[in-house]
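Protein chains: 2
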Amino acid sequence: MRRFIVIGHKAATAADFKLDDLAGGAGRLDILLRCINSAFFLSHDLRKDVEVILVLLGPPGPVRTVRLVGSELRYLNPDERSTGALIRNALMKDTRSEERSTPGIYVSSRTFQDVLGLLGETELVYLKEDGEDIRSAEVSDNVTFVLSDHMDLTPDEESLLLQYRPKVLKLGPISYHADHCITIVHNELDRR
Amino acid sequence: MRRFIVIGHKAATAADFKLDDLAGGAGRLDILLRCINSAFFLSHDLRKDVEVILVLLGPPGPVRTVRLVGSELRYLNPDERSTGALIRNALMKDTRSEERSTPGIYVSSRTFQDVLGLLGETELVYLKEDGEDIRSAEVSDNVTFVLSDHMDLTPDEESLLLQYRPKVLKLGPISYHADHCITIVHNELDRR
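Chains A and B supply the protein sequences, listed in that same order.
Throughout the first sequence, residue numbering follows numbering that gives the first Met the number 0, covering 0 to 191 in sequence.
Throughout the second sequence, residue numbering follows numbering that gives the first Met the number 0, covering 0 to 191 in sequence.
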């Protein structure tokens with residue numbers, strides 16, 4: 000299982016945003032939607048053994064977490080708008096504990112701390128520019144990568160994550176968008 | 000210079016499509032828009048030394064070609080919808096020879112054959128599942144990659160391309176979406 004946790008620092012936590020304004024009014028939700036695309040889509044196939052957890056921290060709050068499970072997903076298309084509609088559907092559910100919104104998509108009010116605490120057996124990887132090169136690193140088959148949207152992790156988020164002693168890895172000499180990072184990670188692990 | 004030619008076999012050649020329907024009515028233009036994103040965007044930066052050439056072959060015809068030049072681009076945002084609007088603007092220009100539509104975006108009625116003929120000095124690479132692994136291949140700094148949308152190159156397109164004796168390279172053991180291919184290519188070349 001490859002799992003990707005992506006923090007959306009400004010991403011909408013209510014379903015009142017417009018699908019025409021995913022980059023603006025929805026708080027850069029467009030980035031998270033492209034992360035979903037990169038995590039699941041292969042040419043003419045969907046990756047089943049992948050999970051994506053989006054932690055949405057934008058207004059109006061409180062935090063909402065959307066979890067997508069590759070083995071159960073249906074109705075997922077590669078484009079931003081239709082995926083945005085699925086996330087908006089999920090946000091319509093006003094629930095604290097995790098509930099299913101559509102096949103393979105679950106919503107809750109779990110915090111980043113909750114999400115980390117609930118991971119169970121998995122290797123944890125923090126993708127960061129000053130890490131070890133992923134190409135020379137051992138990576139478990141059961142691995143969880145932590146990424147951020149257009150902003151870095153806050154000092155609080157980072158210190159929380161570091162308590163779990165993640166492996167710190169980098170993907171190359173340049174800093175990439177989160178969705179591009181997911182594509183590069185997949186390619187590296189597909190080769191092993 | 001890294002250049003990416005992407006063939007959109009069904010992609011709209013007129014500006015009458017809706018930005019709400021980029022994956023449907025615009026003939027999978029969403030794929031080409033994500034290719035633009037992958038080609039140009041870095042975290043908080045734009046790649047200047049990149050060019051993208053989209054060859055649009057869908058209805059109503061005839062062919063339209065849109066060329067994006069990294070060193071001149073402005074007003075480019077990462078999301079599909081706003082990039083779709085730029086391409087739609089370009090398609091509003093009814094021109095045979097190449098004309099600028101917005102900064103860094105040019106439109107013409109060049110065919111794939113025209114595009115190949117006009118490349119000048121560049122190494123040509125055909126990304127294909129049965130090629131040599133890119134990680135062990137020499138690749139020039141001045142290189143042009145040819146990709147296709149959700150469909151393979153037609154036999155005619157492939158035989159045209161092969162006349163130019165491209166290097167045939169693969170990116171791994173699995174077949175990826177065109178935009179993911181561009182991300183993987185960039186990462187590999189960024190490392191050299």
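Take the hints with a grain of salt, since some may be wrong.
Just so you know, same-sequence chains aren't split out, so a pair can sit in one copy or run between any two.
[What the hints assert, rightly or not] When the alpha-carbon atoms are kept at most 30 Å apart in a straight line, the in silico BS3-like pairs for lysine-lysine are as follows:
# : residue 1 : residue 2
1 : 169       : 17
2 : 169       : 47
3 : 92        : 166
4 : 166       : 17
5 : 9         : 47
No lab work stands behind these hints: they were computed from the structure.
Verification of the hints:
1. 169 / 17: For residue 169 and residue 17, neither the intra-copy (35 Å) nor the inter-copy (39 Å) Cα distance is at most 30 Å.
2. 169 / 47: both (25 Å within a copy, 23 Å between copies)
3. 92 / 166: neither (35 Å within a copy, 52 Å between copies)
4. 166 / 17: The answer is neither: 38 Å in one copy and 45 Å across copies each exceed 30 Å.
5. 9 / 47: both (29 Å within a copy, 28 Å between copies)
Hints 1, 3 and 4 from the earlier list are contradicted by this structure; the remaining hints agree with it.
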